[in-house]
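Visitor: Letter by letter, the chains look like this.
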Amino acid sequence: AQSVTQLDSQVPVFEEAPVELRCNYSSSVSVYLFWYVQYPNQGLQLLLKYLSGSTLVKGINGFEAEFNKSQTSFHLRKPSVHISDTAEYFCAVSFRQGGKLIFGQGTELSVKP
Amino acid sequence: EAGVAQSPRYKIIEKRQSVAFWCNPISGHATLYWYQQILGQGPKLLIQFQNNGVVDDSQLPKDRFSAERLKGVDSTLKIQPAKLEDSAVYLCASSPDDRSVYEQYFGPGTRLTVT
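So the sequence lines, in the order shown, correspond to chains A and B. Residue numbers for the first sequence follow our numbering, beginning at 1 and rising by one. Residue numbers for the second sequence follow our numbering, beginning at 1001 and rising by one.
Okay, chain B solo, but in the shape it has when bound (with noise of 0.2 Å):
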């Protein structure tokens, strides 16, 4: 069973510019996943999606930060304009619409660096 893939891996921009990542997720899985790991601390939830409705983006900074899930499949997670504290790794994880199944699945992640 192939992984969540994630692209790219790295990415370098300068701030003020726009980048997006893409998520592929398990297949078969209806929860989708982004979160923001800055150096040095824990992953930090920015959104959720079920299917392809979100379910929990109070953290996400909305003026920002974008992602959508149009078919329920793969995910695009987009920064407009970046700042320099954007800088981190974000990970998608996905798992199954499955009320005994608890794991989340994470993918390698996109390492952003903004100058």
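Bound-form chain A, shown alone (with noise of 0.2 Å):
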């Protein structure tokens, strides 16, 4: 069964700081994968999308991610963040166009100043 980890689900870190939120997935075939970050009392807002190509994407907000068959991992990740990164990222996965989104538990991450 197809399936998503987020290894993490709480993330402190300091304002400007780097950040790496992990996510692996579980899947006998292709995958379209997607970043999603969900601020409170809100619904979810696409980051990044991973369809195919070159394997280091690029979202909003500065954000990118980097996709390893190998290791079967879509690993997201900031230079430097800001208070206002402060939110719950989901990673998810879809396994054909239109397909419905398998989600991770989230990742908090809570950017201190």
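Hint data in this document are derived by calculation from the structure and do not stem from the laboratory. Small disclaimer: the values here were computed from a predicted structure and weren't measured. Among the hints, a few may not be true.
What the hints assert, rightly or not - Pair ranges (Cβ atoms, derived):
id: 1; chain 1: A; residue 1: PRO113; chain 2: B; residue 2: SER1018; range: 44 to 54 Å
id: 2; chain 1: A; residue 1: LYS58; chain 2: B; residue 2: SER1018; range: 43 to 53 Å
id: 3; chain 1: B; residue 1: SER1007; chain 2: A; residue 2: GLN45; range: 16 to 26 Å
id: 4; chain 1: A; residue 1: GLN105; chain 2: B; residue 2: LEU1084; range: 17 to 27 Å
Stated by the list, open to error - Partial chain A-side listing against chain B, Cβ under 7 Å, derived:
id: 5; residue: GLN42
id: 6; residue: GLY43
id: 7; residue: LEU46
id: 8; residue: GLY106
Stated by the list, open to error - With a straight-line Cα cutoff of 20 Å, these simulated EDC-like cross-link-like pairs (lysine to aspartate or glutamate) come out:
id: 9; chain 1: B; residue 1: LYS1071; chain 2: B; residue 2: ASP1056
id: 10; chain 1: B; residue 1: LYS1062; chain 2: B; residue 2: ASP1086
id: 11; chain 1: A; residue 1: LYS58; chain 2: B; residue 2: GLU1103
id: 12; chain 1: B; residue 1: LYS1044; chain 2: A; residue 2: GLU108
id: 13; chain 1: A; residue 1: LYS49; chain 2: A; residue 2: GLU66
id: 14; chain 1: A; residue 1: LYS112; chain 2: A; residue 2: GLU88
id: 15; chain 1: A; residue 1: LYS49; chain 2: A; residue 2: GLU88
id: 16; chain 1: A; residue 1: LYS49; chain 2: B; residue 2: GLU1103
id: 17; chain 1: B; residue 1: LYS1015; chain 2: B; residue 2: GLU1085
id: 18; chain 1: B; residue 1: LYS1044; chain 2: B; residue 2: GLU1103
id: 19; chain 1: B; residue 1: LYS1011; chain 2: B; residue 2: GLU1085
id: 20; chain 1: B; residue 1: LYS1044; chain 2: B; residue 2: ASP1057
id: 21; chain 1: B; residue 1: LYS1044; chain 2: A; residue 2: GLU88
id: 22; chain 1: A; residue 1: LYS49; chain 2: A; residue 2: ASP85
id: 23; chain 1: A; residue 1: LYS49; chain 2: B; residue 2: ASP1097
Cβ atoms here follow ideal geometry from the backbone N, Cα and C, with glycine treated the same way.
Mind docking these for me? Both chains are given alone in their own frames, and the hints should help you get the complex.
Guide: Written out as structure tokens, the structure reads:
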């Protein structure tokens, strides 16, 4: 069965420090990969997606992620975080265009001054 | 362009009562999804519509949950009767019927508390 694991439930970090949020998936078929952000009391917003091609994808708000097929990972990175990046981050996979998203359990990023 | 609209934003009911949630997707979006997000977990798909037809409802508890999208536009999700474990945020999302687009656009959600 396909699944998504986010290895850290909470990541505290100081402002302007780099951050990496880890995501691993399990699948026997090709996948499409996504990172979503959820601010308090709001819906999910797409940060970035990997469909094919270059394994390094850049998204909004200075975030980027690298697809590693051999390690079945799609880790999210930002070189310098801001207080406003404090939110819940979800990694998700889909197995066909228009198909359902399977989400990880989320990582709470807390940026401290 | 207006986003996905959901109402109500918050609902508190007692167990065994019924409740309904409404979703209006982005104009022109053919595909509509309902997800359940329990506190501390990622969203889980309940049902997916393509226009007014059901594509996937494998994880919908059909003994108590129902959903419809009669005219292929807005949708209603109903729970009857509610249980304590139904306390969650119910998210609606939509996407275009376009094979070059993979993004799902999410509404703000309805937070349900069952007491």
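Visitor: Give me the numbers of the hints this structure contradicts, sorted from smallest to largest.
Guide: none
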